[in-house]
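Model the placement of chain B on the given structure of chain A, informed by the hints.
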Amino acid sequence: MRRVGVVALNTFREAVRDRVLYNLVFFALLMMAAAIAVGQISIGIEQTVIVSLGLSAISVMGLLISVFIGVALVSKEMDKRTLYALLAKPVRRWEFLLGKFAGLVLTLAVNTAAMALGLLLVMIYVKHSLEGSDAAVLVAVYFIWLKLALIVALSLLFSCFTTPLLAILFTVGLYIVGLYVQELRNLPVEVMSPAMAAFTRWLSYLLPNFENFNVMALAAHGRAVPGALILQNTLYAVIYCAIVLTAAAAVFSRKNLK
Amino acid sequence: MPGLAIEIENLTKEYPFGFLHLKKKTSLEGLNMQVETGEVFGFIGPNGAGKSTTIKLLMRLIFPTAGSARILGKPISDVEMHRDIGYLPEQPYFYDYLTAAEVLDYFARFHDLTAADRKERVERMLKKVGLETARKIQLRKYSKGMLQRVGLAQAILHDPKVVILDEPMSGLDPVGRREVRDIILELKKDGKTVMFSTHILSDAEMLCDRVGVIVGGKLRGVGAPGTLVDMKTQGMEILFELTGASNAPLLAKTTRTGDRYRLQVAEEELYAAIEQLRAAGARILSVSQVKATLEEFFMNLVATDRAQASAVEVSGK
Numbered sequence: 001m002r003r004v005g006v007v008a009l010n011t012f013r014e015a016v017r018d019r020v021l022y023n024l025v026f027f028a029l030l031m032m033a034a035a036i037a038v039g040q041i042s043i044g045i046e047q048t049v050i051v052s053l054g055l056s057a058i059s060v061m062g063l064l065i066s067v068f069i070g071v072a073l074v075s076k077e078m079d080k081r082t083l084y085a086l087l088a089k090p091v092r093r094w095e096f097l098l099g100k101f102a103g104l105v106l107t108l109a110v111n112t113a114a115m116a117l118g119l120l121l122v123m124i125y126v127k128h129s130l131e132g133s134d135a136a137v138l139v140a141v142y143f144i145w146l147k148l149a150l151i152v153a154l155s156l157l158f159s160c161f162t163t164p165l166l167a168i169l170f171t172v173g174l175y176i177v178g179l180y181v182q183e184l185r186n187l188p189v190e191v192m193s194p195a196m197a198a199f200t201r202w203l204s205y206l207l208p209n210f211e212n213f214n215v216m217a218l219a220a221h222g223r224a225v226p227g228a229l230i231l232q233n234t235l236y237a238v239i240y241c242a243i244v245l246t247a248a249a250a251v252f253s254r255k256n257l258k
Numbered sequence: 001m002p003g004l005a006i007e008i009e010n011l012t013k014e015y016p017f018g019f020l021h022l023k024k025k026t027s028l029e030g031l032n033m034q035v036e037t038g039e040v041f042g043f044i045g046p047n048g049a050g051k052s053t054t055i056k057l058l059m060r061l062i063f064p065t066a067g068s069a070r071i072l073g074k075p076i077s078d079v080e081m082h083r084d085i086g087y088l089p090e091q092p093y094f095y096d097y098l099t100a101a102e103v104l105d106y107f108a109r110f111h112d113l114t115a116a117d118r119k120e121r122v123e124r125m126l127k128k129v130g131l132e133t134a135r136k137i138q139l140r141k142y143s144k145g146m147l148q149r150v151g152l153a154q155a156i157l158h159d160p161k162v163v164i165l166d167e168p169m170s171g172l173d174p175v176g177r178r179e180v181r182d183i184i185l186e187l188k189k190d191g192k193t194v195m196f197s198t199h200i201l202s203d204a205e206m207l208c209d210r211v212g213v214i215v216g217g218k219l220r221g222v223g224a225p226g227t228l229v230d231m232k233t234q235g236m237e238i239l240f241e242l243t244g245a246s247n248a249p250l251l252a253k254t255t256r257t258g259d260r261y262r263l264q265v266a267e268e269e270l271y272a273a274i275e276q277l278r279a280a281g282a283r284i285l286s287v288s289q290v291k292a293t294l295e296e297f298f299m300n301l302v303a304t305d306r307a308q309a310s311a312v313e314v315s316g317k
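Residue numbers (our numbering), protein chains in the order written: chain A, 1 to 258; chain B, 1 to 317.
For the record, the hints were derived by calculation from the structure and aren't laboratory data.
If you're wondering where the values come from, they're calculated on a predicted model, not measured in any experiment.
For each residue, glycine too, the CB sits at the ideal point set by N, CA and C.
Treat the hints with care, as some may be off.
Claimed, not checked - To be clear about the criterion: a stretch of chain B counts as covered by chain A if any three or more of its residues have a C-beta under 8 Å from a C-beta of chain A, and this derived list gives those stretches:
| id | region |
| --- | --- |
| 1 | 98-109 |
| 2 | 252-266 |
Unchecked claim - Simulated restraints, written as ranges between beta carbons of each label pair:
| id | chain 1 | residue 1 | chain 2 | residue 2 | range |
| --- | --- | --- | --- | --- | --- |
| 3 | A | 1 | B | 299 | 51 to 59 Å |
| 4 | B | 68 | A | 92 | 17 to 25 Å |
| 5 | A | 28 | B | 138 | 26 to 34 Å |
| 6 | B | 18 | A | 166 | 14 to 22 Å |
| 7 | B | 295 | A | 76 | 22 to 30 Å |
| 8 | B | 18 | A | 172 | 26 to 34 Å |
| 9 | B | 18 | A | 49 | 56 to 64 Å |
| 10 | B | 133 | A | 80 | 19 to 27 Å |
| 11 | A | 5 | B | 295 | 15 to 23 Å |
| 12 | A | 79 | B | 63 | 17 to 25 Å |
| 13 | B | 202 | A | 24 | 29 to 37 Å |
| 14 | B | 91 | A | 161 | 20 to 28 Å |
Pulled out of the complex, with its shape left as it was, chain A reads as follows (with noise of 0.2 Å):
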């Protein structure tokens, strides 16, 4: 695990050498925006407002880093062909891929923390104080971090083993087919086929649920997030990134580079 924690500290290293962090600029300047904005267009609503602000910020900067930069950790390094003296020391192929995933997996965690203490920062400028049901803020910016690892994880799988492009349009488009495998479940089965329903009731399992990912009306809200709401969307980002992971490596580790 050593070797994987060196590749894992270098890949953070690489994302703020090349200013992957400067978009917390970008986020610091649109929540004074609105911070000032929001005392002026909504009066009484100024939490569900921001907080809602907030976390989609956060949430598609999250995206936009998670693809792009999740689909280039490992292509990148073909391409240019840093890879091949890495691969000729002591370090096993599923050890540099693991590595690559949480070095990026790590920035997003810093990226997204700072962007937590930012939203946090408004809110007391906003309220002029913090609650304890502001606690569901910081419940929503984890499982957006959950979401985001989940998507890193599927965009190095895809990179894997079709060129970048493909690989972020594949990763994006399931990430838009997961926001709503709920309404897959709930497609009226009774008018289908027996065997059309098997399928579709195996592909809402299979295909990522990102929709149990989003509790920004609870935190809009202030309302709190259940515990076992936690829970459950912790084992089921950390299990499922295992599959996706293990899937990578099995592809990666027979893949001839160029």
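Just chain B now, with coordinates in the frame of chain A:
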């Protein structure tokens, strides 16, 4: 008798191509080759001959269609074997957001070295490859030759027993090439095994105990550079100057460079030729033996291979 550092058995690599990947191109065909411990082995061949393919197969960057290989007695699939191996990729490229010192420290971390040991080795390597003054510059600002030096430094950083270099002289100026040659000779002096690929034959002739010649994915010869080529004298070359005009028949066979003429004759015709030239008023400057070089051996193989390839193409097979 020294043991074997690298053993390659029937190594074959085919690449699928075409829209449905149904056609196959053979990049390397049944390669059998051995490199002995402590020797400098040159792997020579024209571009696309299969040199880099062989090295990439040894490094498990690509996987063989058939065959196997062992390095220091261990199968190449054993990751731990890489502790004793140094590898310089062809036209190396490293993380350009790191400095030379940082990239070497990064690679050293995979070899379980202590922080103090890493620091000492990184400093020593930077000095060895002549990059100590550029140590704090990010690699994105490095020239091709400087990157090649970083590549060489990372290959020998952990004091490996076997060093495999893919085109180590490529992209280097004459000074850089000389330095790489010195490093290879130093590695040999330290008892390391060095295998390097090149298409610069003079380097191979100068450095190698043995060379393997590969053309068209097939090994065409292995041995000491002197034994691969026919070392018998192939003729004599006379270098002379000529003042004034002459119509000696021998002059028709000469090659002129400036004021000087070169004439190649059979060994038994040498004295008669000298007599004729003197009679024509020539001033003999030197007489030397003409021997086949590794280059001629190599060029003959390439020419034969191309002729066979075009014969196959013409017959439509």
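Checked hints:
Three residues within the 8 Å Cβ limit are the bar, and the region 98-109 of chain B against chain A gives 4, so the coverage statement holds. Counting residues of the region 252-266 of chain B whose beta-carbon sits less than 8 Å from any beta-carbon of chain A gives 0, not enough to reach three: the coverage restraint is violated. Residue 1(A) and residue 299(B) have their C-beta atoms about 53 Å apart, which keeps the hinted 51 to 59 Å range intact. For residue 68(B) paired with residue 92(A), a C-beta distance near 19 Å keeps the hint of 17 to 25 Å intact.
Roughly 27 Å separates the CB atoms of residue 28(A) and residue 138(B), a value that falls within the hinted 26 to 34 Å. For residue 18(B) paired with residue 166(A), a C-beta distance near 20 Å keeps the hint of 14 to 22 Å intact. Between residue 295(B) and residue 76(A), the C-beta spacing of about 40 Å breaks the proposed range 22 to 30 Å. With their beta carbons about 31 Å apart, residue 18(B) and residue 172(A) fall inside the hinted range of 26 to 34 Å.
Between residue 18(B) and residue 49(A) the CB atoms are about 58 Å apart, so this pair conforms to the stated range of 56 to 64 Å. The hinted window of 19 to 27 Å between residue 133(B) and residue 80(A) holds, with their beta carbons roughly 26 Å apart. Between residue 5(A) and residue 295(B) the Cβ separation comes to about 50 Å, which falls outside the hinted range of 15 to 23 Å. The supplied range of 17 to 25 Å is met by residue 79(A) and residue 63(B), whose beta-carbon atoms lie about 19 Å from each other.
Taking 29 to 37 Å as the suggested C-beta distance range, the pair residue 202(B) and residue 24(A) does not conform, at roughly 56 Å. For residue 91(B) paired with residue 161(A), a C-beta distance near 25 Å keeps the hint of 20 to 28 Å intact.
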